[in-house]
Amino acid sequence: MTESVSKESSLIADEGLDKGLARLTSEKIEKTIKTILTNETGARLKTYVSTCVHCGLCSDACHVYLSNRDPACSPVGKIKQTIWEIVKKKGKVDAQFIRRASEIAYTECNLCRRCAMYCPFGIDISYMILIVRRICHKLGVTPHYLQDTAQSHSATLNQMWVKDDEWVDTLQWQEEEAQDEIGDLRIPIDQEGADFFYSVIAPEPKFRAQLIYQAAVIFHSAGVSWTMPATPGWDNSDMCMFSGDNEMMGRLKKAHFETAMRLKVKKIVMGECGHAFRSVYDVGNRWLGFREPPIPIIHSIQFFYELLKEGRIKIAKKYAKTVTLHDPCNTVRGAGLHEMIRMIAHETCEKVIEMHPNREHNYCCNAGGGVINCGPPFKNKRVENNSIKADQLRNVKEQGAETVIAPCHNCHGGLEDIIHTYKLDMDLKFLGDIIYECMEKPEE
Amino acid sequence: MINKQNWDWENGEKEIADIGTWKDKFLGVEEPYPSPDGEKIAAIVKPDEMEFSVCENGTVWEEVYDKVWYLRFGPDNRLTALVSDTAEWTLAVDQAAWAHRFDYVWDTHFSEDGRRIVIAAQKDGRYMGVTDDTPWETDFETMNNFSVSRDGEQTAAAVQIVSFQSGDIFKFQEGTYSVAVNGRAWPNNFVNVWEIAFSPDNQHVAAAIRVNLYDYTIAVDGVPWRQTFNGVWEPQFSSRDSSVTAPVRTGGKWMLAKNGEVLWDRQFVQLWHHQYSPDGATIAAIVAPEFGRWTVAVNGKPWSITFGDLVTDMVFSPDGAKVACVGKEKGQWSIAIDGVRWPGAFDMAWKPVFSHDGNNVAAKVEKNGQYSLVINGKLLQKQFDMIWNPIFSPDGDKLLIRGIKSGETKYYRQVVPLAELF
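These protein sequences, in sequence, are chains R and X.
According to this note's numbering, the first sequence is numbered sequentially starting from 1.
According to this note's numbering, the second sequence is numbered sequentially starting from 1.
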């Protein structure tokens, strides 16, 4: 990887990037970069930059490289085109460089950290890509759709511009719907002292409200004590973490944890989302000064696993279609929950076929890390950049898998596009979908 | 302030209601809430399919609704609930529904004395505050961070002043939000507005704002501080002068600033929820003096004890001489006062409650699913299936305990002299 890596910018039009670019000057670029490198980085970045021996072993770890076989798409290639150049030139880079760096950082790397496992030195390339994103955020060169989401976070403390009344109204609507199935079911709102606060990402009330319904049925059937807040702070998602707006990330996480503290719950159980888990479990909490989440965070994968293991929910019939498992990066590479996914799948499904590579070695969906949130302009590239995942899915489909279980919202978005584009004709399910469908439910 | 003088402070236990029997009367019974004076207990109930009402001391409200939620007693012991009748929402106070109807209502607030009741409301997609059934004269496209002055006479919220098309990130960045006080917006707009605070005299308003995507500051009555920062948290007014203080972030560290200038000579990994003592002489804040350690700093000086998980529920004694908080270390919750951790660790601990003279402190705690009280550091041996925050008598010599004893379904109020508690 010592040869020059060149890939012309694909020049996908994006209003956020293009208008942001128009506001840049060389002085602003240099000053911003120097400020960030001086004030926000240190030994970690220096060590990563100076330790890399350019062996290129990270290449085969990256789904974008494996889908293109272009060195420019390898992790080290992306670093070479961005932070190395920025450091080497001490910030004296031009606007076009920033345009390309922004596109690479936001749309060609999912921060999935697979490459860090394959690097002989354990260099965390996602950390360096996040530094590039931080620079781009400070320069105002962020993809339009991602920036809109970050701005929604800032104005509403949720990802989808959900207004305060719409949130509670949606919970009450889902409660009413669920009561048609189970008469005494409740979605307890703002119940102080409940055992846990169930937190979700904003696409759930906005587009996938049935997931709240299903969770309510599962919790009701298990007889657990839970609540959902009536106030902002209910959304655990965090596109600011990915846009580089760390300060806003802190505000979001503060609201989330303080909602749990206000409700006097003992833990936060969160829905099937990967990036939000990273934000509350690893990144956002630490930005605020918490070594660990101040209120324990339990991902749904773990919670469902515990409910099944303790016999609190029972399976009435197994899911008949053959399933395969997609391991989300943030809960599997990030927290090692992969065997729990498998326990749930085997308990609830007739037949499970493994994709390979799997578990912590699984390929990213190419939607995570905020990439899918960069929106329609980058959709085709995102799907083309993950043909390796399509190959993986096709392989298990040929073995009989009809349903993909992916316990993560972003993975769903990414895999849905891949399944559709590559004409794989497979169903896509959350663990909650399967459990809801197969569990014993109380009689009305 | 709650007027406790007229409450029954005679020693003794009074059975108010057997909540267990309510389950036989209704299709559903939600969580019970007691009045501050302990004389009443109420719960949202389902008298029939698709019908909701409120049961108060065993008597059900005359009206039934499509939906009832957010049942809360005010400080003056009036019972409120957000109610929906044929999909029109309003607030009911002691059974009487307000005349104004809305498409949705939420976020009930009370003045300190309970005299004023305030809610947030939405009608035809427009947002407003409503005080005692009187809506703001102006409504807004969006509204959040709804806040109420101590006397309940003033209300304020972050409101959207300029419309922008979905996805118009650049219009948003020009500043489209402001603060509306009693429905009247400040003359200038900001990129974001959060955390609105009223002055002790209820006449002034401060808010945390973002003036562009990167610079944060505090605006007081619409005028931003000259200085900007990398971050700010909720501002507070001093009761001694008209100054405003707020935690601010610069160079990756948090400090306390007064009118834009750094006030404390120390920096922290985190600093938030600062409070003035009632006399305004002292400022305390929850701080992280180092990464992953939390404590309370009083006038900038952190306590020597720290907690690894969190510190929350910080409170001054009414005389301002003491500060108490809840802390959590390795998953166990405890109470600390003036830098001294009380013995005992719990599964949960609630905000400490001081007597008026500040000499006595009590807190609700939970262990193994049972609730009790810690009083002046000693755990009450009596356990409850449910207990609510204790309240000291005006002279501070007695404690009002509101709870449901272990294994029972009856709700009692009990007045106990402190001297007889242990």
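One thing to keep in mind: the hints can contain errors.
What the hints assert, rightly or not - These stretches of chain X come out as covered by chain R in the derived footprint (C-beta under 8 Å, 3 or more residues):
id: 1; segment: 11 to 25
id: 2; segment: 39 to 45
id: 3; segment: 401 to 412
To be verified - In silico DSSO-like pairs for lysine-lysine, Cα to Cα no more than 27 Å straight-line:
id: 4; chain 1: X; residue 1: Lys123; chain 2: R; residue 2: Lys163
id: 5; chain 1: R; residue 1: Lys254; chain 2: X; residue 2: Lys301
id: 6; chain 1: X; residue 1: Lys351; chain 2: R; residue 2: Lys254
id: 7; chain 1: R; residue 1: Lys309; chain 2: X; residue 2: Lys67
id: 8; chain 1: R; residue 1: Lys46; chain 2: X; residue 2: Lys123
id: 9; chain 1: X; residue 1: Lys301; chain 2: R; residue 2: Lys266
id: 10; chain 1: R; residue 1: Lys28; chain 2: X; residue 2: Lys171
id: 11; chain 1: X; residue 1: Lys171; chain 2: R; residue 2: Lys163
id: 12; chain 1: R; residue 1: Lys163; chain 2: R; residue 2: Lys254
id: 13; chain 1: X; residue 1: Lys171; chain 2: R; residue 2: Lys19
id: 14; chain 1: X; residue 1: Lys378; chain 2: R; residue 2: Lys266
id: 15; chain 1: X; residue 1: Lys123; chain 2: R; residue 2: Lys31
id: 16; chain 1: R; residue 1: Lys206; chain 2: X; residue 2: Lys382
id: 17; chain 1: R; residue 1: Lys267; chain 2: X; residue 2: Lys330
id: 18; chain 1: R; residue 1: Lys254; chain 2: X; residue 2: Lys258
Simulated from the structure, these hints should not be mistaken for laboratory data.
Here a beta-carbon is modelled for each residue, glycine too, at the ideal position from N, C-alpha and C.
Okay, the hints, checked on the actual structure:
| no. | hint | verdict |
| --- | --- | --- |
| 1 | 11 to 25 | violated (count 0) |
| 2 | 39 to 45 | violated (count 0) |
| 3 | 401 to 412 | violated (count 0) |
| 4 | X/Lys123 to R/Lys163 | holds, 13 Å |
| 5 | R/Lys254 to X/Lys301 | holds, 23 Å |
| 6 | X/Lys351 to R/Lys254 | holds, 19 Å |
| 7 | R/Lys309 to X/Lys67 | violated, 37 Å |
| 8 | R/Lys46 to X/Lys123 | violated, 56 Å |
| 9 | X/Lys301 to R/Lys266 | violated, 30 Å |
| 10 | R/Lys28 to X/Lys171 | holds, 22 Å |
| 11 | X/Lys171 to R/Lys163 | holds, 19 Å |
| 12 | R/Lys163 to R/Lys254 | holds, 19 Å |
| 13 | X/Lys171 to R/Lys19 | holds, 13 Å |
| 14 | X/Lys378 to R/Lys266 | holds, 23 Å |
| 15 | X/Lys123 to R/Lys31 | violated, 48 Å |
| 16 | R/Lys206 to X/Lys382 | violated, 46 Å |
| 17 | R/Lys267 to X/Lys330 | holds, 13 Å |
| 18 | R/Lys254 to X/Lys258 | holds, 23 Å |
Hints 1, 2, 3, 7, 8, 9, 15, 16, counting from the list given before, are not met by this structure.
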